[in-house]
Amino acid sequence: MTGDIYTFKILRYDSSVPEKRPEFQLYRIRVIPGLTVLTVLNRIRDEIDGTLAFRASCRSAVCGSCAMVVNGKIDLACRTQVASFDTREIILEPLPNLEIIKDLVVDMTPFWNMYEKIRPYLVRNSADPEKEIYQSEGDRKRIDQFVNCILCACCYGACPVLSRNPDYAGPAALAKLERFISDSRDERPMKELEAVNNDKGVWGCDTMLRCIDACPKDVRPTDSIVSLRKKLIKYKLLGKGNK
Amino acid sequence: MLKHDVLIVGGGLAGLRAAVGLCDRYNVGLISKVHPIRSHSIAAQGGINAALANNPDAKDDTPDKHTFDTVKGSDYLADQHAAEIMCYEAPKIVYEMEHWGCPFSRFPDGTIAQRPFGGAGYPRTCYSADITGHVLLNTLFERSVARGLHIYPEFVVAQLVVKDGECYGVVAIDQIKGEIVAISARATLFATGGYGRTYYYSTNALTNTGSGIGIAYKAGVPLKDMEFVQFHPTSIIGTNILMTEGARGEGGYLVNKNGERFMECYAPKAMELAPRDIVSRSITTEIEEGRGFESELGKYVHLDLRHLGREKILERLPGIRNICLDFLGIDPVLEPIPIMPAQHYSMGGIDTNEKSETVIKGFYAAGECACVSVHGANRLGGNSLLETIVFGKLGAIAIDNYLQAINSEPDAKAIEQATNDVEAKIRKLGNSNGEKSFRILDELRKTMSAYVGIFRIKQELETALNKIIELEGRAKNVSITSSNLFMNYELIGAIELEYMLDICHIITLGAFLREESRGAHSRRDFPQRNDTDWLKHTMATIREDGKPEISYKDVVITKYQPMERKY
Ligand SMILES: Cc1cc2nc3c(=O)[nH]c(=O)nc-3n(C[C@H](O)[C@H](O)[C@H](O)COP(=O)(O)OP(=O)(O)OC[C@H]3O[C@@H](n4cnc5c(N)ncnc54)[C@H](O)[C@@H]3O)c2cc1C
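If you're matching them up, the sequences are chains A and B in order. Take this note's numbering: the last position of the first sequence gets the number 248, and nothing is skipped along the way. Take this note's numbering: the last position of the second sequence gets the number 584, and nothing is skipped along the way.
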């Protein structure tokens, strides 16, 4: 047998038994080179402990199911190579800033609530044309970064503001707002920005840039927040503002 | 018990499109094993076909030409009236998705960009870089938020409620509450996706178990053409993550160990853009004849993108590049990509018609879990995303008509009976002390990849069938660590195993009986297509004793007489 023996330390907690405090459980497992954290998690659940809970689906870093903390770093388990750490001990913890449901599974409800609040869809008043609404290559490119967001909540877990103010909209929701506001086809009134013109919105951000570090898809939520702030200032000063 | 007018099972493209089409007028509930945004549709890369004629090289493209390509690609097993409906709907649904905000890539004139794809006479695949599934699924999910759709995430269906040919809803497990929940509905639509994970080597998400197809089958709904399983030519070795056909659409080469673009020998005109069945067989032949590379992770050939240049790769295939960096440690700008064919798509599925109806009243199916059939023996790249949205939409229209015409109330007794069945099943799992389900599943998958793969032959299919029957026996004693219903993934796996065994049984039996080669079903012992005896759909229905009954159904041929399929 090739490969090294690793110790996986996984934080276990069961919210249906709240009196039992979260604690680490140790699993020793042989890992051949090239295996991802998710592959090992699957093997642990199959072969060692059927009660272990974690989410997973695409296993290719596009569905956003398996965000967690791996040796202190927030990332998707599916794209994290076990061998990328220079230690044989891998510590897995659930995403911060969200309640644990079981083990590595967190309750994403607050995340989705923030997402829904910003009206995350194209808003149009004009009648739709018969064919496509034209959009230049440049206008399409402008939203590219924010279109790439996979809603995995890595940024939500990393955000220092959310850890003290759960009412803050958070990086992903604001990035989504920017994705729509700066879409050349979107016609929402600029006054909608008022909803985020406060500490729960764009002014809540500390610009610590933790969200940028945590994003597995190279999205820069802070850019969206800065851009929304500029739009707001312009709108406030001139009573209008272009997109 | 929960109650809805309409219940949609599955939050991928097909399910969301159906739900969005109905939730303004009816009390609709959508339940899904994973949050809709995590559905497998998110992973689609290359694009969606529609004859928009936006590409300067495709100004005379039409839905009729799209239909012809689809029928020819299907090796004439598609029902032609259904393929035609799909291809005529295609421009409408692509424009609709665009109006709903889908950020397609654009041509310089501001129209939706279109790229060439395999088996298509024109560049008609609309795309958004290499994340087309991601943008389509986000757009439909956004629409469902805008319309206030009621979603139940992390509910897993365990059984369909059918009595005397009528469907009354489902029994599901609410993983987060840890409860068995009956959900009654006047109309139920399954959009539960494909059965890729019944194979060991698959490009599909871990959640693509095909359980919805097995659940429908167990409830008496016939399955169609299950032996037609698509193998995608280009998945990276090791994880089998997909490298989109768009990589070849953009000009990528397939190269063997002698540095030859070997597609020259198999499809001299279409080359790398021949349909998938042909390219997968060509790669397998190259490897079998010793012209592939070897590594610990398996035998492979190269997908070479280097000549496209950094700029084009970064612009059109950024996701592909990231996958290579993350999962292979290779930069395709500088190095060729080691690829092998892997299971990719389920042509077969729940038998439906062009309205997404099944033979059961009030039960519908759409998307990859259904078989209309528009793909016949081989699906063209870019036609599956299209199918999900078109038949999600048409299913919603059919349900609307049905609900307006019929006023039946769900049968409370049938629902109670099904709930008791599920409870009993889970109790039994908790009380047995047999094997773990993953052991059986592992053997099942290896059997399917080894003996029911790209090339098939009688003896191997027999071996597979015997193995599956053995595994079915062992599966009766599967045990689980705990029968607690709360967040118990092991329990879900054990429940799904039974359905996966059914699916594999039918795939293998269908393949064993079909003594010809057509599309993705390639028999070494019967290498020719045989239209005299086999131009027909395979139908599988469960008998009283639980064994499958196989029968056949005519293919609908309207305009296009079967011809030899050359590329
Ligand atoms: C990597 C990859 C790339 C692809 N690229 C393309 C492409 O470029 N173009 C193209 O046309 N096609 C492509 N395809 C195919 C296409 O993506 C799929 O066929 C299509 O997305 C399937 O959509 P669906 O809505 O039918 O099912 P899915 O998106 O698979 O959704 C199934 C849903 O059903 C739910 N579900 C399943 N079982 C149960 C259950 N028992 N209880 C409750 N819920 C359940 C799941 O939670 C999920 O929400 C690709 C496929 C793969 C694997």
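These are computed hints drawn from the structure, not numbers from a lab. Mixed in with the good hints there might be a few duds.
[Claimed, not checked] Output of the computed footprint for chain A on chain B, the stretches with three or more beta carbons under 8 angstroms from beta carbons of chain A:
1. 38-49
2. 52-66
3. 84-97
4. 367-381
5. 412-418
6. 503-511
[Stated by the list, open to error] Cross-link-like lysine-lysine pairs, in silico, PhoX-like; alpha carbons within 25 angstroms at most:
7. 274(B) - 235(B)
8. 82(B) - 136(A)
9. 222(A) - 239(A)
10. 76(B) - 372(B)
11. 222(A) - 109(B)
12. 564(B) - 475(B)
13. 146(A) - 78(A)
14. 576(B) - 136(A)
15. 453(B) - 475(B)
16. 14(A) - 122(A)
17. 235(B) - 82(B)
18. 78(A) - 235(A)
19. 235(B) - 25(A)
20. 14(A) - 235(B)
21. 146(A) - 329(B)
22. 196(A) - 222(A)
23. 76(B) - 136(A)
Virtual Cβ for every residue (Gly too), placed ideally from N, Cα, C.
Item checked: Hints violated by the structure (numbers, ascending) -> 1, 3, 4, 5, 7, 9, 10, 11, 13, 14, 15, 16, 17, 18, 19, 20 and 22
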